[in-house]
Amino acid sequence: MGSCAECSTWVYGGQLTNGCPPVYTSSSHIVVLKFAGLVGHNRKISSLKIGGRRRRRMIVNAAAATEKLQNGIAELYDESSGIWEDIWGDHMHHGFYDPGSDVSESDHRLAQIRMIEESLRFASVSDNSLQKPRKIVDVGCGIGGSSRYLARKYEAECLGITLSPVQAQRAQALAAAQGLVGKVSFQVADALNQPFPDGKFDLVWSMESGEHMPDKAKFVNELARVAAPGGTIIIITWCHRDLSPSEESLTPQETALLNKICDAYYLPAWFSIADYIKLLQSLSLEDIKAADWSEFVAPFWPAVIRSALTWRGITSLLRSGWKTMKGALAMPLMVEGYKKGLIKFAIITCRKPAS
Amino acid sequence: MRLLTHNMLSSNIKGVTNGFPLRIEAEKVVEKTVDFNADFLKNMFAKVEWNALVEASKTMGYFELPDNVESSMLESDEFLQKFHHALLELHLEEGALICPETGRKFPVSKGIPNMLLHEDEV
Numbered sequence: 001m002g003s004c005a006e007c008s009t010w011v012y013g014g015q016l017t018n019g020c021p022p023v024y025t026s027s028s029h030i031v032v033l034k035f036a037g038l039v040g041h042n043r044k045i046s047s048l049k050i051g052g053r054r055r056r057r058m059i060v061n062a063a064a065a066t067e068k069l070q071n072g073i074a075e076l077y078d079e080s081s082g083i084w085e086d087i088w089g090d091h092m093h094h095g096f097y098d099p100g101s102d103v104s105e106s107d108h109r110l111a112q113i114r115m116i117e118e119s120l121r122f123a124s125v126s127d128n129s130l131q132k133p134r135k136i137v138d139v140g141c142g143i144g145g146s147s148r149y150l151a152r153k154y155e156a157e158c159l160g161i162t163l164s165p166v167q168a169q170r171a172q173a174l175a176a177a178q179g180l181v182g183k184v185s186f187q188v189a190d191a192l193n194q195p196f197p198d199g200k201f202d203l204v205w206s207m208e209s210g211e212h213m214p215d216k217a218k219f220v221n222e223l224a225r226v227a228a229p230g231g232t233i234i235i236i237t238w239c240h241r242d243l244s245p246s247e248e249s250l251t252p253q254e255t256a257l258l259n260k261i262c263d264a265y266y267l268p269a270w271f272s273i274a275d276y277i278k279l280l281q282s283l284s285l286e287d288i289k290a291a292d293w294s295e296f297v298a299p300f301w302p303a304v305i306r307s308a309l310t311w312r313g314i315t316s317l318l319r320s321g322w323k324t325m326k327g328a329l330a331m332p333l334m335v336e337g338y339k340k341g342l343i344k345f346a347i348i349t350c351r352k353p354a355s
Numbered sequence: 001m002r003l004l005t006h007n008m009l010s011s012n013i014k015g016v017t018n019g020f021p022l023r024i025e026a027e028k029v030v031e032k033t034v035d036f037n038a039d040f041l042k043n044m045f046a047k048v049e050w051n052a053l054v055e056a057s058k059t060m061g062y063f064e065l066p067d068n069v070e071s072s073m074l075e076s077d078e079f080l081q082k083f084h085h086a087l088l089e090l091h092l093e094e095g096a097l098i099c100p101e102t103g104r105k106f107p108v109s110k111g112i113p114n115m116l117l118h119e120d121e122v
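Residue numbers (my numbering), protein chains in the order written: chain S, 1 to 355; chain E, 1 to 122.
Don't read these hints as lab results, they were simulated from the structure.
A hint or two may mislead.
Taking lysine to any residue pairs in the SDA-like style, the calculated list, with each CA pair at most 25 Å apart, reads [what the hints assert, rightly or not]:
no., chain 1, residue 1, chain 2, residue 2
1, E, Lys32, E, Lys14
2, S, Lys340, S, Asn259
3, S, Lys153, S, Ala177
4, E, Lys42, E, Lys28
5, S, Lys339, S, Arg225
6, E, Lys47, S, Ser126
7, S, Lys289, S, Glu247
8, E, Lys14, S, Glu247
9, S, Lys68, E, Asp67
10, S, Lys132, E, Asn43
11, E, Lys47, S, Ala74
12, S, Lys132, E, Leu65
13, E, Lys14, S, Lys132
14, S, Lys339, S, Gly321
15, S, Lys153, E, Ala46
16, E, Lys14, S, Glu248
17, S, Lys68, E, Ala46
18, E, Lys110, S, Gly89
19, E, Lys28, E, Ser72
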């Protein structure tokens with residue numbers, strides 16, 4: 001590990017001696033590779049006058065960076081899923097709360113279920129027996145909380161994919177324990193290269209996994225590819241605030257805060273809600289809807305922090321591993337990000353055209 | 001991995017034009033009872049790639065599925081039971097899924113397929 005000499009961004013893994021993880025500029029969808037000493041910041045890769053060998057090295061470095069990122073994500077979740085499940089249960093996502101309400105510790109599980117229901121409602125997913133989804137993909141499925149919930153709700157088949165073998169195993173064990181073995185299955189796979197033929201899923205579900213995707217365009221492309229004609233795509237993800245028309249990028253302080261969070265949670269890149277909408281429009285997806293739900297998730301991070309500070313929380317963290325502890329220590333940064341209006345909890349939904 | 005899942009998996013290695021269906025190399029097949037649900041089966045029937053299911057079930061040691069089907073067969077309880085068994089109760093615990101074009105093996109371990117692609121396959 002080390003930091004890029006120019007931009008202080010942490011480098012994932014010791015192999016990259018002259019590169020930083022790919023980051024998006026806020027105002028464009030082109031991946032910008034920042035290389036210490038090679039190029040200045042925010043220059044688009046197409047305009048770089050770099051000869052063949054250097055360009056190939058950049059591409060090889062980018063592939064190595066992706067693999068490091070994937071390994072980092074897998075290891076983080078291999079390490080931390082058990083402790084999360086022990087304290088919070090099988091849904092690894094934010095709860096949905098009424099703003100200003102008093103929330104007791106027992107409400108969080110219900111809030112997490114409400115998050116799923118509110119998302120389905122926002123996307124107008126029908127539960128009418130003729131129109132409800134029959135085949136569902138859960139992209140970044142964690143230990144399968146959403147998969148099992150959706151499979152049960154719609155009596156549908158649900159396939160989940162995750163980079164973490166530990167999560168896939170646990171997800172499968174929980175499905176077996178809940179009698180859902182015929183309906184849900186879990187695979188170790190990459191959301192950027194989903195192991196499915198085109199157009200098979202009536203519902204494409206990505207609950208808080210988009211943050212991990214280094215190439216948002218590829219991620220959204222894959223969601224669209226595997227969606228059936230007329231199928232619904234639901235993306236619930238962490239975004240940064242939209243830029244104002246006069247802004248080229250976030251402020252240096254904002255970027256620094258996001259970088260620290262990225263480092264702890266293996267988040268390679270942040271998009272704004274506007275960025276996602278533009279991407280979905282470019283793929284000719286229909287009925288695009290988006291909302292900032294930050295006000296409905298406000299109690300969540302403080303509650304997670306409180307749970308980490310309990311005796312059970314602390315002892316579990318100390319036993320878990322460095323990645324998990326680092327993640328726990330970064331939680332106040334999330335609170336700070338939300339408070340500053342920098343981080344947004346976003347839902348973006350759309351439909352694949354029927355023909 | 002059940003054959004219901006296998007029926008949805010494909011190899012998307014760069015350059016492969018048709019990565020479906022994946023061939024199966026079965027090292028350990030386990031039969032596990034799953035509750036019979038006729039409605040679920042009838043809903044799945046329309047979306048199942050039948051030839052892929054028949055071939056896969058033979059690899060797993062089950063030869064009862066007819067090669068050709070039509071939806072009227074869904075009225076037959078005997079057919080539904082065979083369909084149910086092949087689709088949901090044959091479980092590949094250990095083995096591999098093989099890309100039909102490149103021969104690349106995707107390992108299946110403890111019932112979970114690992115479909116991650118290598119750097120050069122993307």
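Task: Ascending list of hint numbers which this structure does not respect - done: 1, 4, 5, 8, 9, 11, 12, 13, 14, 16, 17 and 19
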